[in-house]
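**Q** For the sequence shown, counting from 1, position 287 maps to 287 in the working numbering; every step adds exactly one.
What the hints contain is simulated information worked out from the structure, not anything from laboratory work. Quick caveat: nothing in here was measured; it's all calculated off a predicted structure. Among the clues, some could well be false.
To be verified - With a cut-off of at most 27 angstroms between alpha-carbon atoms, the simulated DSSO-like pairs for lysine-lysine come out as follows: (1) Lys56 <-> Lys105; (2) Lys129 <-> Lys93; (3) Lys93 <-> Lys71; (4) Lys129 <-> Lys71; (5) Lys105 <-> Lys93; (6) Lys182 <-> Lys129; (7) Lys29 <-> Lys93; (8) Lys56 <-> Lys29.
Unchecked claim - Have a look at the derived ranges for each label pair, beta carbon to beta carbon: (9) Thr5 <-> Ala100: 56 to 64 angstroms; (10) Ala28 <-> Ala75: 13 to 21 angstroms; (11) Asp158 <-> Gly77: 35 to 43 angstroms; (12) Phe107 <-> Glu40: 30 to 38 angstroms; (13) Glu247 <-> Asp98: 50 to 58 angstroms; (14) Ala138 <-> Glu44: 28 to 36 angstroms.
Glycine residues also receive a C-beta, built at the ideal position from the N, C-alpha and C atoms.
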Amino acid sequence: MQLDTSVSAIVTGGASGLGEATARALAAKGVKVALFDFNEETGERVAAEIGGLFCKVDVTNEASVDAGFAKARAAHGQERILVNCAGTGNVIKTASRDKATGETKSFPTDQFERIIQINLIGTFRCCAKAAQGMLDLAPLEDGARGVIINTGSVAAEDGQIGQAAYAASKGGIDAFTIGLAKEVALEGIRVASITPGMVDTEIHERSTGDQSRVERIRPLIPMQRIGKVWDQLFPKEQQRITQLLIERVQLHDRGLDILWREDGWLGLGEDIGSHPLVNEARSPAEEIYV
Numbered sequence: 001m002q003l004d005t006s007v008s009a010i011v012t013g014g015a016s017g018l019g020e021a022t023a024r025a026l027a028a029k030g031v032k033v034a035l036f037d038f039n040e041e042t043g044e045r046v047a048a049e050i051g052g053l054f055c056k057v058d059v060t061n062e063a064s065v066d067a068g069f070a071k072a073r074a075a076h077g078q079e080r081i082l083v084n085c086a087g088t089g090n091v092i093k094t095a096s097r098d099k100a101t102g103e104t105k106s107f108p109t110d111q112f113e114r115i116i117q118i119n120l121i122g123t124f125r126c127c128a129k130a131a132q133g134m135l136d137l138a139p140l141e142d143g144a145r146g147v148i149i150n151t152g153s154v155a156a157e158d159g160q161i162g163q164a165a166y167a168a169s170k171g172g173i174d175a176f177t178i179g180l181a182k183e184v185a186l187e188g189i190r191v192a193s194i195t196p197g198m199v200d201t202e203i204h205e206r207s208t209g210d211q212s213r214v215e216r217i218r219p220l221i222p223m224q225r226i227g228k229v230w231d232q233l234f235p236k237e238q239q240r241i242t243q244l245l246i247e248r249v250q251l252h253d254r255g256l257d258i259l260w261r262e263d264g265w266l267g268l269g270e271d272i273g274s275h276p277l278v279n280e281a282r283s284p285a286e287e288i289y290v
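Construct all of the structure, not just a fragment, from the sequences and the given hints.
**A** Here you go:
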């Protein structure tokens, strides 16, 4: 699929972090971009800066999501691209003991449900709406009707302490991405997930209230490198991975997961492990430049 003014996209969580970086990268290619986000002030600003459209959307609410898709489609037409970046997290142990008092407590179930509702069900809800709309599109010359890209996390694989809810939500995304990809493959709709490692975005302070969390984790990372949304490196990672998934039809013979790790290694499914764009890397720091 060629990224240009003939294509429209929806990016959830588009007002900040990974979503904002993705929206800016797509808009720079001429794509008509609609941002779904709950933060109206920031969302309107980003949309104005990239020449896009802001839609205030709560991904946990069916009516809100329906209204967002209707607004985006009225302005830009049916989207051929959906990138799901909306998400949040918390850091709560499943069962813990207070160091001072010795009191024990368990993970509040309502807090677990909140993360699942936003990250997992919210992502699935948007996937279902976009996929339905894409089914009604005429295929392009390459047979493609659309592309859906979801955002996972290495937390689903690494078993991080205090991340039970977040890991469950991201593991669920990885799991349903594969099933959805198989369901719509013959309709010309490709589905993939990107699994980032540690990236310095607002989610860390928002979920923990700890401004120093990212730097405290850095020594635990083999290359001690953390993705930065606005440094000179990160936009290339996000842009080139997303662009690769959208444009390269041959990469998707089934659900594909790109594991983009913070230690400088990009693990890929066997589908594209020998692809020349992957093998062009020359050093560990460059292996993420696909």
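**Q** Please go over all the hints and tell whether each is borne out by the structure.
**A** Against the structure, the hints:
Between lysine 56 and lysine 105, the direct Cα distance comes to roughly 36 angstroms. Violation of the 27 angstroms bound is thereby established for this hinted pair. Taking the CA atoms of lysine 129 and lysine 93, the gap is near 34 angstroms; set against the 27 angstroms cutoff, the hint is violated. Simply put, lysine 93 and lysine 71 have alpha-carbon atoms about 40 angstroms apart, too far for the 27 angstroms limit, and the pair is violated. Note on lysine 129 and lysine 71: the hinted pairing holds, with a Cα-Cα distance of about 13 angstroms set against a maximum of 27 angstroms.
Under the criterion of a C-alpha separation no larger than 27 angstroms, the hint pairing lysine 105 with lysine 93 is consistent with the structure, at around 9 angstroms. With a C-alpha separation of about 17 angstroms, the suggested pairing of lysine 182 with lysine 129 holds against the 27 angstroms cut-off. This hinted pair does not check out: lysine 29 and lysine 93 have alpha carbons roughly 43 angstroms apart, beyond 27 angstroms. With a C-alpha separation of about 24 angstroms, the suggested pairing of lysine 56 with lysine 29 holds against the 27 angstroms cut-off.
Distance hint for threonine 5 and alanine 100: a CB-CB separation of about 60 angstroms, consistent with the stated range 56 to 64 angstroms. For the pair alanine 28 and alanine 75, the supplied restraint of 13 to 21 angstroms holds, since their beta-carbon distance comes to about 19 angstroms. With their beta carbons about 40 angstroms apart, aspartate 158 and glycine 77 fall inside the hinted range of 35 to 43 angstroms. Between phenylalanine 107 and glutamate 40 the Cβ separation comes to about 31 angstroms, which falls inside the hinted range of 30 to 38 angstroms.
About 52 angstroms separates the C-beta atoms of glutamate 247 and aspartate 98, a value consistent with the hinted range of 50 to 58 angstroms. For alanine 138 and glutamate 44, the Cβ-Cβ distance of about 33 angstroms falls inside the hinted range of 28 to 36 angstroms, so the restraint holds.
Violated hints for the displayed structure, listed by number in ascending order: 1, 2, 3, 7.
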